[in-house]
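Enquirer: Read off the chains here:
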Amino acid sequence: MIRLKCHAGVGGRVEGEALVANDNFSARYDLDRIKGVFSRPDHRLAGQSYVGRILVLNTAKGGVASAWMLHEMKTRGLAPAAILFNRANTILAQGAALAQLPMCDRFEDGDVTTLIRTGDRLIVDPREGVVTILDRADPVG
Amino acid sequence: MRLTDEEQAMLAGEMGEARRWAIDHQVQVGRMFDAVDLVPVSQAHMMGDPEAVGVAGAEFLEGLADQGARVAIPMITDPRGVDLRRYEVMGQTEEMAGVERRIIAALTRMGVMMTDTCINYQTVMPPVRGEHVAYGDTGVVIYSNSICGARSNFEGGPSALAAGLTGRTPRYGLHLDENRRATRRFRVSEQPKGLTDWGILGAVVGQAAGSYWEVPLIEGLEVCPTSDQAKHLGAAMASFGSTPLFHLLGITPEAQRLADAGAEALPIEPVTPEAMQAMRSRFGAPGDKVDVVVFAAPQLSIVEMQRVAELCEGKKVSVPLIVCTAPQVYPDAQRMGFVDTIEQAGGRILVGTCFYNGYAREVGVANGWKRLLSNSAKIVNILGGYGYTPALASMEACVAAAVAGEIVQ
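The listed protein sequences derive, respectively, from chains P and L.
Residues in the first sequence are numbered consecutively from 1, following this note's numbering.
Residues in the second sequence are numbered consecutively from 1001, following this note's numbering.
Wrong hints could be hidden among the right ones.
[To be verified] According to the in silico footprint, chain P covers these stretches of chain L (three or more CB under 8 Å from chain P):
1. 1130-1142
2. 1149-1163
3. 1211-1219
4. 1380-1393
[Claimed, not checked] If you want a taste of the chain L side facing chain P, the calculated C-beta under 8 Å gives, among others:
5. H1025
6. Q1028
7. V1029
8. R1031
9. M1032
10. F1033
11. M1047
12. G1048
13. G1054
14. G1057
15. G1173
[As the list claims (entries may be wrong)] Just the calculated beta-carbon pair ranges, DEER-fashion:
16. G47(P) - G1130(L): 40 to 48 Å
17. R1282(L) - R44(P): 17 to 25 Å
18. K1370(L) - E128(P): 41 to 49 Å
19. G47(P) - Q1277(L): 29 to 37 Å
20. A1012(L) - R87(P): 29 to 37 Å
21. D138(P) - A1404(L): 51 to 59 Å
22. R87(P) - P1270(L): 25 to 33 Å
23. E17(P) - R1129(L): 44 to 52 Å
24. E128(P) - P1040(L): 31 to 39 Å
Calculated from the structure, these hints are not laboratory results.
Virtual Cβ for every residue (Gly too), placed ideally from N, Cα, C.
Pulled out of the complex, with its shape left as it was, chain L reads as follows (with noise of 0.2 Å):
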């Protein structure tokens, strides 16, 4: 790899042992993908749940606190694993909260943000077209380049970390043009209806696509999604397929038209109803019992929490609900009362965590939660392998089920 004279600094030792560290990292993982050199990033979002860091993690940040780390670049975080206001009623231990606070603790020290939040690019700073960064969270870095037009690989919180303390990152994967291009091309025939269609159709397109050097376009859209829905398909194409980057034809930055993503000559694949369907019915019937209801996977917008508020209001729920939302959203959503609503009706808000990453597997058997329903396609994804039978239903059908502690519709 070509070095600048800064970086060869860096690697040398000059710069001290955590930006060593760092930049030691980034050369390995960059040899594996062939860079040839580092991009300057100007942002970096890590990943770092306490279930995912463990103890070991949590010791080699505390090390790398001690070496005198610090960030180089605006460094901000996902969701924590523990809210730390209210994780005993959650199942989660002392000892889950001790690791998050080590990390906390750690992160801090070396400049880190704690923005705690999977929904950066709807609550912090989204990034801009061009923009090079380093972001963790799959459902961020799908946004950020397909939506936004950003350039990121998926920097799993180590890598992101190594960009915070060094300002690059390896230039390989999407931040060149050439696997920017669309690699297949799908067509809808049916328009998806409200965020879990959304997550539906992500579904299928990435279980599809499978890869994460496969860019899927998809046309024959006649609605432009939403913000929050866009953040649905992305998030569930991530999730099913492990994949960085999505065009829609006619609505995304670099696919105004087939020959900006390279994409006429490509097969047209149809995402039939019937897929859909498929993808639908593989989740849950009316008349399943119901043991927790879940809003997560990503965090709620503004928008999305009015939406439950309005769902819940003069309802009592029979069966636990939780709502999982972002640090920047939570003060609004207290001062127009939709906390207050949602509360009163049962549910429980968690702030600045997402369910899944929070020691799922360890929270369904202190609460003896199995039947999860949601209307996130991705959580719903993830929980199957955490030992719950997952199912996927509407934002208000979810709400129903919370207070009829069944699948109604």
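In isolation and in its complexed conformation, chain P is listed as follows (with noise of 0.2 Å):
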């Protein structure tokens, strides 16, 4: 088990698998949030669903609407688990407040997006500010 401490964010405690990409998030450009997928082109997760895991990237961009999307994500079951950022901005953090969605930004240990590995399982606990890595995934290439 390994103890990542990052600042306090929003939201409960959740567990879940990481989904992990040094790249940045917003939902509405990013995101067919219909099918639950990373669509845009040259997303590094371009594909990739996001539903129920939880992500890792480094920061939020682009537009306000993500701050209604999380919310709509969520109630029609279609949402991340949990995001964790390098650096959260002021959107990803409101919308993670209207939606209850756990959200944890700045990592004491440096890089999340190299400190967490896609598959690894996690417990996210914002308010403690305090992400532990129950399981590793193996290395990939």
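Assemble the dimeric complex from its two separately framed chains, guided by the hints.
Expert: What follows is the structure in structure tokens.
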């Protein structure tokens, strides 16, 4: 078990599997929210499903629409389980607060997109500002 | 967070459930960004088109209105997603219009003014230097911060609404002096010409800056942008970089001198003609077929409406030409004959909407539109993720392409 300390975030405690990329995030620009996949062709997670995964990405970008979209996606059951960033932006934090979707950022040990690997089993605790890696996935390539 | 007695009363629900929700939301967001307190704001501007809000969001807004929510400060809105006068011709459905009607009804009950514009700094009430506001729409925020010297974070719809209900916003980010100083210093060697060029400069700098927490300063400009050019510069920069503030040395109010923006010691990063050209050539080439031409993102000012009308004079488009403008601009454009001229050429004018936030994916599929041409770097950036193959050209080249059906210059 590895314990990663981060800034306190929003939302409740959640367990899930990580989907990681050293790329950024916008619900409006990057996602096909009907199918529940990353749709922007040049996104590193293009084609992959985000539903129920704990997304681990660099930062949030793009428009203000994402603030509504997390709530809307969650109501339809097609949302990520949580989102971790190196640095969140205001919009995603606001959207997470409305949706009560767990979100944390600013990890003490460095770049979260390298600290966590796709397939890692995680517990995210935004109130405490702690992410625990329960099971490590095998390193890829 | 430090809360006043009044704010604590709000949080305790003594001023109604809607205000309790609003301030609770603000405290959660404020904590994440280490805000020490809330700052009074004079205006709120809310983004809330039906595609983003969804049925879930409409129900949420109706719930607040049912609880007696009423805004505490002047609150206005960003473009709608559906122009209720002409959504069928766009391929938008009755269901989409239905969600739009529900959102409008709920917001109106709360006392929100449905201005439906992303150029409120041109058409409603530009903020004043140092004024704390809670604006939605990245283009509105970056313009208001940078050109006007006002203070706003990107407030998503729910947060802008919370600010409207409490008359405050958490004091973090761009409400604080230390986050308004330049962090990157760019020097141009090629002077931008025309709206699209300013948009390209915004795109290049935004992409290089690449974060909400970076503040680019641009120097080397020998020309001062017009309001419309600054609008395209900011909209593109915010779209490509998520950046909410820029400084133009010697032009914008917080960077009359390098020292004002704390930029003296920053290394100079050149914006080369090659970088500008690379951004241009990412999108479209002469001879490429075009399915639809769009002027939007941001909505057109009266000056842009006049120019589009001049270019359309005596022409006939062979592919759809869509022009999005603000409800405040449209009556003037009608009175001055610009609307007639554009419509006689076959153009369609949408009022109070913006193309990309009106179910652009579904609209593209319904109309068979894929190859989209625009003079807006912002819309070209967005629609790549919406199933379009977008291309960028000047306003003049866009109208010429609408007539020819392909990119001609």
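Enquirer: State for each hint whether it applies.
Expert: Cross-check of the supplied hints:
1. 1130-1142: It holds: at least three residues are needed, and the region 1130-1142 of chain L offers 3 whose Cβ sits within less than 8 Å of chain P.
2. 1149-1163: Coverage by chain P holds here, the residue count being 7 at a Cβ distance below 8 Å.
3. 1211-1219: With 3 residues closer than 8 Å to chain P, the region 1211-1219 of chain L meets the three-residue bar; holds.
4. 1380-1393: Answer holds; 5 residues pass the 8 Å Cβ test.
5. H1025: Given a least distance of 5 Å, the restraint on H1025(L) holds.
6. Q1028: holds, 4 Å
7. V1029: At 5 Å from the nearest chain P Cβ, V1029(L) passes the 8 Å test, so the hint holds.
8. R1031: Given a least distance of 7 Å, the restraint on R1031(L) holds.
9. M1032: holds, 5 Å
10. F1033: The hint holds - F1033(L) has a Cβ within 8 Å of chain P, the shortest such distance being about 7 Å.
11. M1047: holds, 5 Å
12. G1048: holds, 7 Å
13. G1054: holds, 3 Å
14. G1057: holds, 5 Å
15. G1173: This hint holds: G1173(L) lies near chain P, its Cβ roughly 6 Å from the closest one there, short of 8 Å.
16. G47(P) - G1130(L): 40 to 48 Å: holds, 47 Å
17. R1282(L) - R44(P): 17 to 25 Å: Because 18 Å falls inside the window, the suggested range holds.
18. K1370(L) - E128(P): 41 to 49 Å: Holds, at about 48 Å.
19. G47(P) - Q1277(L): 29 to 37 Å: The hinted range 29 to 37 Å holds for G47(P) and Q1277(L), with Cβ atoms some 31 Å apart.
20. A1012(L) - R87(P): 29 to 37 Å: holds, 33 Å
21. D138(P) - A1404(L): 51 to 59 Å: holds, 55 Å
22. R87(P) - P1270(L): 25 to 33 Å: The hint (25 to 33 Å, Cβ to Cβ) holds, given that R87(P) and P1270(L) are roughly 26 Å apart.
23. E17(P) - R1129(L): 44 to 52 Å: At 49 Å between Cβs, range holds.
24. E128(P) - P1040(L): 31 to 39 Å: Taking Cβ atoms as reference, E128(P) and P1040(L) lie about 32 Å apart, which means the hint holds.
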